[in-house]
Amino acid sequence: MNSHIFLVGFIIYALAMIWLGWYVSRNQKSGEDFLLGGRSLPLFLTLGSTVATMVGTGSSMGAVGFGYSNGWAGMLYGVGGAIGILLVAWLFAPVRKLRFMTMSEELSYYTGGSHFN
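Using UniProt numbering, the final residue of the sequence shown is 117, and nothing's skipped along the way.
What the hints contain is simulated information worked out from the structure, not anything from laboratory work. It cannot be assumed that every hint is accurate.
Unchecked claim - So the derived label-pair ranges between C-beta atoms look like this:
id, residue 1, residue 2, range
1, M61, F92, 26 to 32 Å
2, S104, G56, 33 to 39 Å
3, S40, L86, 19 to 25 Å
No residue lacks a Cβ here, since even glycine has one placed at the ideal position from N, Cα and C.
Sequences and hints are given; from them, build the entire structure.
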């Protein structure tokens with residue numbers, strides 16, 4: 001491939017991504033809107049993000065290796081992950097009412113710490 005064609009294509013792609021980011025972010029008014037999607041993301045996006053977090057290259061390759069070496073018992077790798085996510089969602093659903101944005105906010109709430117000591 002000619003390097004000039006690649007460079008032009010890359011520049012067009014980069015400009016399109018910058019424009020798309022600007023277009024989508026027009027309604028964001030705060031950091032909470034940016035970090036948490038305004039706390040109004042539909043369920044399929046939330047589930048998709050959670051699944052994508054769980055199913056990365058490391059866990060996928062680890063599951064394949066575990067399944068290869070342990071046979072059908074290797075299936076428990078994925079089943080355990082699914083049960084774990086459901087359990088965490090059930091146990092920590094009440095925490096959502098406190099509207100934390102970061103883990104440090106949650107830890108300071110429980111330990112009584114402040115941002116600056």
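Could you check the hint for me, namely that S40 and L86 are 19 to 25 Å apart, CB to CB? Since S40 and L86 have Cβ atoms about 23 Å apart, the given range 19 to 25 Å holds.
Is the distance from the Cβ of S104 to the Cβ of G56 consistent with 33 to 39 Å? violated, 24 Å
Is the gap between the beta carbons of M61 and F92 within 26 to 32 Å? holds, 28 Å
Violated hint for the displayed structure: number 2, the only one.
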